[in-house]
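Student: Take a look at the letters that make up each chain.
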Amino acid sequence: KAGVTQTPRYLIKTRGQQVTLSCSPISGHRSVSWYQQTPGQGLQFLFEYFSETQRNKGNFPGRFSGRQFSNSRSEMNVSTLELGDSALYLCASSLVGEQGYTFGSGTRLTVV
Amino acid sequence: SQQGEEDPQALSIQEGENATMNCSYKTSINNLQWYRQNSGRGLVHLILIRSNEREKHSGRLRVTLDTSKKSSSLLITASRAADTASYFCATAESGTYKYIFGTGTRLKVLA
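Sequence lines, in order, name chains A and B.
Each step along the first sequence adds one to the number in the numbering used here, with nothing skipped, and position 75 is 75.
Each step along the second sequence adds one to the number in the numbering used here, with nothing skipped, and position 6 is 118.
Excised from the complex, chain B in its bound form:
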């Protein structure tokens, strides 16, 4: 079964707006990672947040992690057309290196 599930499955917003996507997972983890994928190409690592961190920023990205709820959110501020992509969260059960990806959120940013 999927370790991570993202919602919404799809999101369409106007350029300049913020985009928020959520991820839920099932087991205890050491860290949670977010990736972006453009149109069937390889994935690009965006940000990693450790289980003892609650929030992390990287440029226009803000990630939060709530280990009590086993959930994370990714916020992209001031979105651009170039942010159009699928976004995935990935987690591995503590003690393993088996990173499982969620089903992804397809983000479309309209110019």
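Chain A extracted, bound-state conformation:
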């Protein structure tokens, strides 16, 4: 079966712009989580969605938002980009959220 698909793979944006990242989970998986990974901070939890509802949220500013659609596909949006937002953004899906997660390959965002 197809894995978790994240698009785009790479993205370069300018400070102040906004960006939308997309994640298609494994078919049948209803829980989707997002993570930011940087060399300095490691893997930081952004948010988790289940059946279109945000169940958990990390400690990120309101510039970071997300949503999940009825087909479980998820998007995250970052507005007013800052240089520090440059990172690898990872999406992961799970059946209901308590089993192991399957990760996508990530979107590498560079803010210049």
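Be careful, since some hints might not be right.
List time: in silico DSS-like cross-link candidates among lysine-lysine, alpha-carbon distance up to 25 Å [to be verified]: (1) B/LYS210 - B/LYS220; (2) B/LYS220 - A/LYS57; (3) A/LYS57 - B/LYS182; (4) A/LYS57 - B/LYS210; (5) B/LYS220 - B/LYS168.
Treat the hints as calculated values from the structure; they're not laboratory data.
On a predicted model such as this, the values are computed, not experimentally measured, just so you know.
Let chain A serve as the given structure and place chain B on it in line with the hints.
Tutor: Using the frame of chain A, we list chain B on its own:
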């Protein structure tokens, strides 16, 4: 603050040797998971151990969990060069689905 912390931060061993890495966490959990990441790619789920389990095996992997000490260990036996990667533990506080990852152990297996 990090829910999980791994140690050592880095480990270098010869092919064929065993590798052990440890993880500590802070709250009560339902399960603890271990993942592997190769060179900035997505993470791969290795094994999940539930809070009522003490030990679990999967191929060359052995995981232990001590809930009284809030710690876990991952043992990779007969390591191979292909095991070179970063290894992370992940836990979520009971009742939540907010899985927090530790800082990871960078394992290098020398051929």
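Student: Confirm or reject each hint.
Tutor: Evaluation of the provided hints:
no.: 1; hint: B/LYS210 - B/LYS220; verdict: violated (29 Å)
no.: 2; hint: B/LYS220 - A/LYS57; verdict: violated (34 Å)
no.: 3; hint: A/LYS57 - B/LYS182; verdict: holds (24 Å)
no.: 4; hint: A/LYS57 - B/LYS210; verdict: holds (7 Å)
no.: 5; hint: B/LYS220 - B/LYS168; verdict: holds (24 Å)
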